[in-house]
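Please work from the sequences and hints to get the whole structure.
Chains L and X are the protein sequences, given in the same order. No gaps in the numbering here: position 56 of the first sequence is 56 in this note's numbering, and each next residue is one more. No gaps in the numbering here: position 104 of the second sequence is 1104 in this note's numbering, and each next residue is one more.
Each hint should be verified, as a subset may be incorrect.
As the list claims (entries may be wrong) - Think about it this way: if two alpha-carbon atoms lie no more than 16 Å apart in a straight line, the pair counts; the simulated EDC-like pairs of lysine to aspartate or glutamate are:
id, chain 1, residue 1, chain 2, residue 2
1, L, K142, L, E171
2, L, K72, X, D1206
3, L, K142, L, E162
4, L, K72, X, E1197
5, L, K205, L, E6
6, L, K205, L, E31
7, L, K79, X, D1206
Read the hints as simulated data drawn from the structure, not as lab findings. Here the structure is a predicted model, which means the values were calculated and not measured.
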Amino acid sequence: MGALLEADAICVTFGGLRAVDGVSFTVNAGEIIGLIGPNGAGKTTIFNALVGLQPLTSGFVRLGGERVSGLKPHRVAQKGMTKTFQNAALFPDMSVVENVTTAALLRHDLHGARTKAEAVLEKLGLNGIAQADVADLTFPQKALVEMARALATEPRVLLLDEVMAALTHSEMDEVMEVIRGLRAEGLSFLVVEHHMRAIMALCDKLLAVNFGRLLAHGTPAEVAANPQVIEAYLGHGAVGKEAAHA
Amino acid sequence: MRSFLSPGRVALLLFFLAAALLPFFVDPRGHLLRVAAMVLLFAAMAQSWNVVGGLANQISLGHAGFFGLGAYTSTLLFLKLGISPWFGLFAGALVAGSAAALLSIPTFRLKGHYFALATLAFAEVMRVIANSWASLTGGPVGLSIPFMGSQPAYFAFRAVSSYYWIILALLVLVCLVFHLLATGAIGYRLRAVRENENAAEVAGIDTFRVKLTASVISAALTAVCGTVFAQFTFYFDPDSIFALASISVRMAMIAIVGGLGTLAGPILGALFLIPLEEVANALLSSKAAGLSQFAFGVILIAAILIQPRGLMAYWPKKRHPAGSRGA
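Written out as structure tokens, the structure is:
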């Protein structure tokens, strides 16, 4: 049995710029993998390339051994991989439950999708705000609703792009608890996060990228001790960033 | 569950009931009933447009293309082959639906102004073809439907009220289709596409297919309106049936002034705009050329400025179970 998700030498080029340059990695079932790197390192582009929002210049993405690169995002979602957006891209004219129902329609009829949406909201402790307008939500709520919407597509691999960006420490702990619970059910995660505390506590393995290249991979402790990773961060103002988060 | 009889729905049912009874209370040969029939027909046209313009927020300025395809298909089938316009109506819907599908391939990536201009060009191309392919379409002279007295099997009636009721039935049908689309699975998907296309794709929605489906349904309904219009007016030519201002823009305008993407919006818009235009014409057309259009334009701009959400902003509101959302 091979890896659940496999990125094989993926490249994304914008004009002359190599935004993602031959990145390869694997994610196994039930793993939580962190993707770290300074701003502009190519993390979001990697996510977009994995789910089909960004066409690959070269390389392959396989999900459960099946090639998904070249498919449109909705087909990738159908195969079992989706992502959340960095700035919570919810559907603003819909209520919370409608947002989640829309995604649940991927695998259910309308009635079944509503039931599924309610179940997902319940699981994330969001049933209290199910009828709320997304415009009235706080940022952490938006991030959770977006996670709920992604979960409603019933993925095997979920890519989370900075869901904890605006969260307090206790809110972060809650979200991490939710992620661990989902992992216990067999879901795999690829996580982009700037909070090193969350990354170190949550992830089984880390992938460090800079300038679109994979710098290091391994356990959180190994990657944190990697001289190249330290240099990448120090060289790009990461010290100030950490101070801002503290 | 939401109550079936919300205030908005009650108001809509009362409107349909009043509209059905109208021919009993006005002169059956009079101008008023013809105007009322045009109000209902334009409401149906604007509602057809609303499927794409309102639910998907793809503002088309080319729906006259589908309208004219409906009128030409049914009328030519009747004049050349003797096929009843009742069948021609479905043939027109099929032709317009296919045209919409073809048009979707180059235009589906376009948004906003670009989409509007591409659709506008489509209707213009239809107009030019109808004008120049005289052997088939009769060219600039247009097509006349011969008077046949009362022949219901051939969509021909003596009384204006017969056409009026058919048009009312068409409006009810189009509203029903819109309602089923808006509240069904495709309605969720269309709103998602309208609000964030990338997020919709990632959430598993085939955005191309959703937009294509809406376009084809919208075009087919518009073509049916075109057939009914042709039967009702007995005559049309390329410049009037594929008209930018009086068909394409007016369909969009009625839906926008009434309330974009809402069920009752196109009806309110037609009830407001068509009589307003009639009154402006009656009062001002003898004073100076173009004055009535000018007055109409000024009122239109004022209406949009005063209430950008359209007349639906004054409509009885649907309540959500939790009461947290008004619209």
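Non-conforming hints, listed in increasing numerical order:
No hint contradicted; all consistent.
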